[in-house]
Amino acid sequence: MNTPLISLDPRITRLGLYEVIPETLVPKSPLDQFETYEAFFQKKVEGHYEHTGPVHAPHPELAYLFAKEQYSRRGNTCTGIAVVKTEDIQATAFTDNDKNIYDLIIPRGEIDLSGPVKSFDIFHMKKRGQHHEHVGRVEAHSAEEAIYKAKQEFSSLAPVVNVWVAATEDIRFSTPEEKSFWDTLPLKKYREPLAYKVQGKIDQYKKEHSSN
Amino acid sequence: MNTEALKELLYKMADDQLILGHRNSEWTGIGPLLEEDIAFSSMAQDKLGHSQALYQLLNQLGEADPDTIAFHRKGSSFKNCQFTELPIGEYDFSLVRHFLYDLAEKIRFEMLTESSYEPLAQVARNFLGELRYHELHAITWIKQLGTATEESIGRLQESLDFSLPYALGIFEPSPFEADLIAEGIFEGEEALKAKWLLKVKEVLGQTNLRMPEISLLTPVYGGRMGNHTEYLQPLLNEMTEVVLLDPAAEW
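First to last, the protein sequences are chains A and B. Numbering-wise (this note's numbering), the first sequence opens with residue 1 and increments by one. Numbering-wise (this note's numbering), the second sequence opens with residue 1 and increments by one.
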């Protein structure tokens with residue numbers, strides 16, 4: 001049965017939608033989600049990019065836009081966002097906080113050195129429950145070689161409980177010009193609940209309307 | 001400085017921002033994807049912020065305060081182009097309007113960073129970061145949906161064909177064009193339109209969308225002179241519904 005959708009919200013009524021009420025059982029819809037990307041956030045110029053969470057998107061550029069909305073609409077500063085498809089990240093195992101994961105990474109046999117050398121970005125988790133933080137780049141033939149190179153270069157930053165490796169070409173970083181996206185972020189206090197000083201008004205209202 | 005010319009320029013830019021900001025805010029809560037809903041709402045907020053900054057400049061030139069200008073004028077005093085007041089329609093139309101309008105907006109304020117009227121140049125510089133983001137957002141979607149499926153391409157093309165005559169109304173010449181150009185306040189609507197056309201064509205060239213022959217289109221003028229469609233007044237009624245309940249209320 002189709003009936004015009006009338007809502008208390010005039011915007012909804014204006015859309016001229018119909019409410020479709022099926023008269024029999026219908027199959028349950030499958031979960032409709034885009035693939036996930038991991039988003040990283042740079043708080044200060046020259047600061048480390050830090051993992052901030054996942055975002056669903058159909059395309060890296062859209063993931064970049066969505067990550068900006070989801071993770072940098074509020075706050076005092078942001079100078080960059082980076083996104084990479086989750087499946088393009090290679091991860092080590094986790095250790096307990098007192099062990100360094102790099103100590104458990106031992107080169108096994110021959111590493112494949114065919115193919116061109118490219119740049120990989122390395123991210124460290126220093127403690128369980130913390131975010132992965134960008135520590136630097138290495139040049140390697142593969143993610144596997146990259147992790148051994150990272151061991152040589154970055155294992156002094158121990159303890160590290162987990163490492164992520166991703167090819168630089170797969171990561172969408174903010175360009176220098178895009179850093180101005182966040183110039184006005186500190187002015188957007190109206191997006192913070194704390195910007196609304198309403199307690200006085202609520203107290204006043206309660207006083208005026210109390211039954212006593 | 002020709003203050004009348006400057007005020008006319010400020011009013012039409014500020015009214016565009018207020019009206020389109022309000023229109024785009026109508027997607028809040030009903031956008032096609034949660035993240036996109038937030039993005040569109042955030043950009044609508046930015047537009048309201050821009051209108052406020054421009055009304056503030058008018059206030060400094062002796063006009064009423066920003067809230068009075070925004071909420072207590074009759075429809076025929078508004079100088080926004082008619083493009084900005086059209087209903088949101090379906091998302092393809094709102095996206096195409098966002099693309100056509102925001103590209104022009106970004107180029108306009110880039111040009112205004114060189115304005116001889118320093119307070120306006122300063123405001124334009126403050127807007128640039130946000131406008132770069134709005135442009136990236138618009139172009140990303142047009143490229144994505146303009147190359148995706150038969151339906152997405154067909155819908156965007158239909159909205160583009162419908163929108164372009166209205167979009168040309170953004171550049172309706174002001175009676176003060178010559179003064180604005182001579183005094184270095186603004187390079188003028190014609191110069192802006194030429195730059196805009198290049199950019200629009202460049203982006204559409206990367207999609208399966210077709211740019212209609214511009215010289216065959218009749219621009220929809222009138223908005224800059226206070227002539228509006230039937231859609232503006234209901235928008236103003238809704239926008240002022242709360243403030244008119246208690247015009248003296250403080251927020």
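Any given hint could turn out to be false.
Claimed, not checked - Just a few of them, taken from the derived set where beta-carbon distance is under 7 Å, the chain A residues facing chain B:
#, residue
1, T13
2, L65
3, E69
4, Y71
5, K206
6, H209
These are calculated hints, taken from the structure and not from any lab test. For every residue, glycine included, the Cβ atom is placed at its ideal position computed from N, Cα and C.
Could you work out which earlier hints the structure fails to respect and list their numbers in ascending sequence?
Result: hints 1, 4, 5 and 6 break, sorted rising.
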